[in-house]
Every structure is written in C-alpha cells, then in structure tokens.
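Undergrad: Got chain A sorted already, so can you dock chain B onto it with the hints?
Number of protein chains: 2
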Amino acid sequence: MSLDRRTFIESSAALSAIATLGAPHTSAAEPKSTVNFALVGLGSLSTNQIAPALQKTERAKLVGIVTGTPAKEKIWQDKYGIEQKNIYNYDNFDKLVDNDDIDVVYIVLPNSMHKEFTIRGAAAGKHVLCEKPMANSSADCQAMIDACHQHKRKLAVGYRCQFEPHHLHCRELARSQAFGALKAIEAGFGFKIGDPNQWRLKANMAGGGALMDVGIYALQACRFLTGEEPVAITAQETKTDPQKFAQVDETITWTMTTPSGVNCYCSTSYAFSGINRFNAYAENGQFGLNPAYSYEGIQGSSSKGPIKLPQIDQFATEMDDFAKCILEDHPSRVSGEEGLRDLLAIEAIYQSIRSGQRVNVKRIA
Amino acid sequence: MSLDRRTFIESSAALSAIATLGAPHTSAAEPKSTVNFALVGLGSLSTNQIAPALQKTERAKLVGIVTGTPAKEKIWQDKYGIEQKNIYNYDNFDKLVDNDDIDVVYIVLPNSMHKEFTIRGAAAGKHVLCEKPMANSSADCQAMIDACHQHKRKLAVGYRCQFEPHHLHCRELARSQAFGALKAIEAGFGFKIGDPNQWRLKANMAGGGALMDVGIYALQACRFLTGEEPVAITAQETKTDPQKFAQVDETITWTMTTPSGVNCYCSTSYAFSGINRFNAYAENGQFGLNPAYSYEGIQGSSSKGPIKLPQIDQFATEMDDFAKCILEDHPSRVSGEEGLRDLLAIEAIYQSIRSGQRVNVKRIA
Chain A
987 MSLDRRTFIE SSAALSAIAT LGAPHTSAAE PKSTVNFALV GLGSLSTNQI APALQKTERA
1047 KLVGIVTGTP AKEKIWQDKY GIEQKNIYNY DNFDKLVDND DIDVVYIVLP NSMHKEFTIR
1107 GAAAGKHVLC EKPMANSSAD CQAMIDACHQ HKRKLAVGYR CQFEPHHLHC RELARSQAFG
1167 ALKAIEAGFG FKIGDPNQWR LKANMAGGGA LMDVGIYALQ ACRFLTGEEP VAITAQETKT
1227 DPQKFAQVDE TITWTMTTPS GVNCYCSTSY AFSGINRFNA YAENGQFGLN PAYSYEGIQG
1287 SSSKGPIKLP QIDQFATEMD DFAKCILEDH PSRVSGEEGL RDLLAIEAIY QSIRSGQRVN
1347 VKRIA
Chain B
987 MSLDRRTFIE SSAALSAIAT LGAPHTSAAE PKSTVNFALV GLGSLSTNQI APALQKTERA
1047 KLVGIVTGTP AKEKIWQDKY GIEQKNIYNY DNFDKLVDND DIDVVYIVLP NSMHKEFTIR
1107 GAAAGKHVLC EKPMANSSAD CQAMIDACHQ HKRKLAVGYR CQFEPHHLHC RELARSQAFG
1167 ALKAIEAGFG FKIGDPNQWR LKANMAGGGA LMDVGIYALQ ACRFLTGEEP VAITAQETKT
1227 DPQKFAQVDE TITWTMTTPS GVNCYCSTSY AFSGINRFNA YAENGQFGLN PAYSYEGIQG
1287 SSSKGPIKLP QIDQFATEMD DFAKCILEDH PSRVSGEEGL RDLLAIEAIY QSIRSGQRVN
1347 VKRIA
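One line per chain: the protein sequences are A and B, in this order. Numbers given in the working numbering equal positions in the first sequence, counted from 1, plus 986. Numbers given in the working numbering equal positions in the second sequence, counted from 1, plus 986.
There could be a bad hint or two in this list.
[Said to hold, decoys possible] Once the Cα atoms are required to be at most 20 Å apart in a straight line, the calculated DMTMM-like pairs of lysine to aspartate or glutamate come out as:
hint, chain 1, residue 1, chain 2, residue 2
1, A, K1230, B, E1269
2, B, K1178, A, E1269
3, A, K1178, B, E1269
4, A, K1225, B, E1214
5, B, K1225, A, E1215
6, A, K1188, A, D1227
7, B, K1230, A, E1215
8, A, K1225, B, E1269
Keep in mind the hints are simulated off the structure, nothing from the lab. None of these values were measured; they are calculated from a predicted model.
The shape of chain A in the complex, shown without the other chains (with noise of 0.2 Å):
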C-alpha cells in the first residue's frame, strides 16, 4: 500500500461514501475491500488455525509469510500461493517497508518476540495484529503501543474469544444485568502440557507459565464480562513438578474484586486437562460456558435454558475485524491497551504470589 493510498483510505468517511454508492470496482480510485495478511512464525497455531482461517475471510488475505525455517517456504508458497517476493524472515523482516503488497502482519512467535515484531512491523509501516499475551510485560505492551502509536499504524491482539457468539451473548447478559447485577465469576483454563522441551515451559520466551498461556482467557472472560478492571488480586501457585516447571508456573489460582463488587476466582493449570469455562453468578440467575475457550464447539447455558448460538471461526472473524478497522479506520476493540490491561493484571498475580500481599492492580497511566 502506498502512502497517497493509505491517506485515501484513512479518509474513511469519504471511503464509506464512495462504497455506498457503489463506485465501479474497477475504478483506479476502487477503494480497497481486502486487506492483505502475512503471517510471522509458521508454528502450529499459524499452520493449523490461523492459515486454514485465512481461507475463510472475506476482508483479510494471506499474501505473505515470515519464518525462520527456509524448508516451510515452498510448502507454504506451494500450499497458499505465496509470491516469492512476500517471503521473509526474521533478518531481512524491516525490508517489508519496502512491500507494499502487505498491509499487516499478524505475529504468531513465542511470546517473547512479540515486542519486537510488534515494533519492528510498525516501523516497517505494517499495521500489527499480535497473539496473546501481547508480551512478556506491561512495560513491553506500552512499548509496542507507543510504536504503533508513533508509526500510525493499527495494534490489535489476538483475543479470539472477544468476537465469539456466545462469549459476546455472555457480555449481553452481563452488561443488560438480564439476570441482574453479577456478583461473582468463576473462570479457568488450563491444559496438561506435553513436550517438556518446548518453549512454552522456558521462562525467557514465555514469560510465564499457565497463567501467561492460558490463564489470561479467564481473566479475559472476567473483564469483558463486567466490562471492569479488577481492583485488587491475591493469588497462589502450586508446583508438583518441579523439574518440568523449574522456569515457569504449574498451577495458578487467583481471586479478583471489580469496582461494582464482582468477586472473581480463577484457575489455570498446565498439570491436568479439563477446566476450560466460566460460571456468572448474578442476584437472580447464572450463565456460563463450558468449554468456553476452544477453537470450536463452544457450549454455553443460562438459568433459563442452552445458548445455543452459529460456531463460528473465531480466527476468521478476529481477522476480518481488524482487516475492518483498518478499511475504515477505527480503533480495533481488542486494541493494545487491551493487552496491556491484562498484563498489568498478570503482573499483579505473580507479584502476589511472591509476596504473599493482596496487590492493588495498576492503572494504565
């Protein structure tokens, strides 16, 4: 994308006028109805999700890739069609300034890369979609908003569950208190972890265990729910297997207030398979999900019956959305300060672990 197309298209009223009218597609001045994906980290989320996802879009096209391993490149370029030129990798990343075939990249690494692709892509002049956790810090996510910010360029992370049918349906029952104001919520997430070797269980790049992995779509859940930021934490971890879990957490649970009085309890593990729900305790009813987080077949139920909502492909719909926001123009609801919310609500789990201290939660500043 140029920068006299990215000026045009950033004049969103006047795009908006235009396609309502109907301009002829095929007009130089064709105002532009994808926006064009490559994809950064070739791992199993991007192979088996994310890629397949990228079919499905209607707004969001994949065109390129980044990967550090030169033997997926033809696999990839043969499988999805991808033009030599859109193949980088993680050295040869900042010349993608000079690519303007590709509008955003989506960074799907381990954790602690985040904030520099994050940064480096914005640079590059790339609006930024980045998996979560955002980072491995709140001092990173401001740093990657700030990038953004500086380069204006888009942020968004990868919150999947936020455009979910029946995660958003939740929201409703919530926030219209049909049931009444909320009074509690019970959440967790967690899974039985395999590969002791992988870089999920290596502090450096994860930055965490469970709770960073997993446990952030419970606290998720809590706060789109009540749409509040928890006001103070205690919480506690368990460790069973020391050897496999000598850098990063096992077991996490936590508990959590909201200003309006909601009383939270959370759970996340890497040690056991089968907590993956939330539970909304209102003053004349319940409703939860259960399981609540999977790719798919997201199952919900209220005091009054099922919820019985489409399944939709959650990747898709994120992408189409930021893809979106980006064609008119306006802030992704799962922005940076999102992230950096969770963060610094992550931060304050581990520092009460650490020290024993209920934690006050910071505020982004």
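TA: For chain B alone, kept in the frame of chain A given last:
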C-alpha cells in the same frame, strides 16, 4: 442411661462379643441397640430435616426436645410422642443430668450458642452432636472438645456430607488416585439470603456470614477429598449491599494450598443462589458434584461418566453413625477436631481478608 450401663456399654469389645453370640434380647444385660436423642433448638432445620430424619433412623431415637418457645412443646409432643419429662428449656437444660432417658443432645441452635450448650450438655453427662459451624472461633471449638473430653462424652459435628454416597465415592476417586494425583479443586456454595432480620445476618449470633454458614461446605469438600489440611490461604470479600450485610460477610472467594500441592479455589455468598458444587481436577481426569451440598438430589459426574449412587437421608445416616460410635465406643469421623480444623481455616480466611496477606493456617496443637 445409668453410670453402670454406660460403663458396660463402653466396654465395647465385650458388647460386640455378646451381640455376635446373639444374647437374648430380653436379658437384663441386653446390649443397648438404640441411642436416645434430644433436639436442642426447634428451628426450621430441626423441624423440616432432623426430626423427620429421626423417623428413619435405626439406632438414633428422638425422645426429647429443648426449646425456648413453650408453644412448640405441645406441637412436638403430639407429633413425635415426646414424654413431658423429656422436654426442657434453656434454663433447666442442666437438669438433663438427672435424665437417663436421654443419651445425646443434638445442638441445632444459632452458631453463637453451640459452645455453651455443648459444654453444658457434656457437663450434664450427654454426648453431643453439634451442627456446623461447630462454633464461632477455634478457641470455642477447643473449649468444647476439652469439656467433652473432661466429661468423657463423645462429640461430633453435623457434617452430613461426609456420610453421603456421592461424596464418599469422590473421596475414594481422590484418595485412590483413580485419575492420578489431584492438582486442583474448585468448590463453591452460596444462596441468596431472604429475611434481613434473621440471626444469620447478626454477627453476635452467626459469628460471620456466608462463609460460616455455607462456605464451610466448600472448605469441607476440599479437606474431605484431599485428606489434607490447608497450608496457606488468600481471600477477598466483596459487599454490594452494605446495609443488609452490615455485620457479616456477603461474598468471599479464597484460594488454599495443601501439602501435596493441591491448589483450591473457592467461593461462598449470601448474594446469589446457584453455586452448589465442587470439581476436582487430577492429572488424568476430573470428577465433581453439582448439586453437591443439598439435602437431597446430589448429582455427580467424572471423566468416565455420571456418578449415580443411592440418595440417602444424610441427617439420618449422620445420627445413626453417631449412635453407632456411642454404642461401640469409638470416636466419630466428624469429630470435634474436624470442626476445629475448619474453624482454623475459616479464621485464616477472615484474617487474610482483613490483613491483605497470605495467611498460614494454624495447626491443632
């Protein structure tokens, strides 16, 4: 029961031998096969649960009442054939010492009265079954234990769930490591409390709010399943109706670790109904009950499918068990120490709420 008969019955080895030999039931030395109960406090629990349960018991027999409401005397006398000589009030309660017809006093009074009537009951030569929570403080629990010890009377706490087949099955799943070692437990019990003038909302009567009344079931579940005492506790309280809950807690969540590394997270509330369950997570599977703590209709499931066991009258079984303990002269599994340990954990929860610190749970000296 005369002192002589007591002495005889307490020589239970001999008793069992005689029973096995089929001693004639009309013999003067006939072993006592039933134990006579007096209910102390005729509120809704006694009226709706315990007295009806005493119509189903095999060894426990309702023969006496203690009430502060004279109008209730005739009603109970007519309904249950209580003899006039077995009716007491709180003033003449100590005269029970002269009544050999009554073996056990079952204390079903507001929490704050448990200590006094347990101690007075033991001093009057009666065994004591005391409703939960055992008392309003661990010091009171200890005083009750000491009094029963001093008077050589048995003491048990009304932890009916410990006799419930689904609970027992779940304990077996936990202890046998049917799904591997336990890693985490979620447990919660709450209900939306009605009448704002009831004793449960008065600190001097109840000693606390939801935690003392129903949170104790969630705590019990964690202790019962693991067979371990909590090591450290963190807790938070929220209060959304400071008027109704001026004196006692409304909603509390807490975390609790055990020596083997089980990480528990729990909740209790008087602000909403609908949470009444536990879920236990082990390395290779899970199991739980929902509803878990109701008087009837307990339902369970595990990774292997539904847990379907007979529904029993928990109060009847609890009372028959205490009767058996007395007849066979062995301690109750729901001993005073069991009640004391819960109070030690509850005090740690309240202390953590007050101090904002992780609190180590005190051990029985």
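Undergrad: Take the hints in turn and mark each one as holding or not.
TA: Hints versus structure:
| no. | hint | verdict |
| --- | --- | --- |
| 1 | A/K1230 x B/E1269 | holds, 14 Å |
| 2 | B/K1178 x A/E1269 | holds, 7 Å |
| 3 | A/K1178 x B/E1269 | holds, 7 Å |
| 4 | A/K1225 x B/E1214 | holds, 16 Å |
| 5 | B/K1225 x A/E1215 | holds, 17 Å |
| 6 | A/K1188 x A/D1227 | holds, 15 Å |
| 7 | B/K1230 x A/E1215 | violated, 26 Å |
| 8 | A/K1225 x B/E1269 | holds, 13 Å |
Against the hints set out earlier in the document, a violation occurs for number 7 only.
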